Amino acid sequence: MATRTTTVKVDEQGRLYIPKPIREELGFEGKEVNVQITVEYEK
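Taking the UniProt record's numbering, I'd label the letters of the sequence shown as residues 1 to 43.
A couple of the hints might just be wrong.
What the hints assert, rightly or not - Here are the simulated BS3-like pairs of lysine-lysine, each with C-alpha atoms no more than 27 Å apart in a straight line: (1) 31 <-> 20; (2) 31 <-> 9; (3) 20 <-> 9; (4) 43 <-> 9.
Read the hints as simulated data drawn from the structure, not as lab findings.
Bear in mind the structure is a predicted one, so any value in this text is a computation, not a measurement.
Use the sequences and the hints to build the structure in full.
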């Protein structure tokens, strides 16, 4: 499993966007994949 830490925005519907350079770096650009995330929320 590849690991990368980055900050992403979550929209009002709960969707998050992983930027293309990171998807390419992790090897799943253009593919449908399941990812595991850890959420840290700053109020």
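Against the structure, the hints:
Taken as a hint, the residue 31 and residue 20 pair is honoured in the structure, with Cα atoms around 12 Å apart against an allowance of 27 Å. Of the supplied pair hints, the one linking residue 31 and residue 9 holds, its CA atoms being roughly 21 Å apart against a limit of 27 Å. For a cut-off of 27 Å, the pair hint linking residue 20 to residue 9 stands: about 14 Å separates their Cα positions. Taken as a hint, the residue 43 and residue 9 pair is honoured in the structure, with Cα atoms around 14 Å apart against an allowance of 27 Å.
Figure legend: structure checked against the earlier numbered hints; every hint is met.
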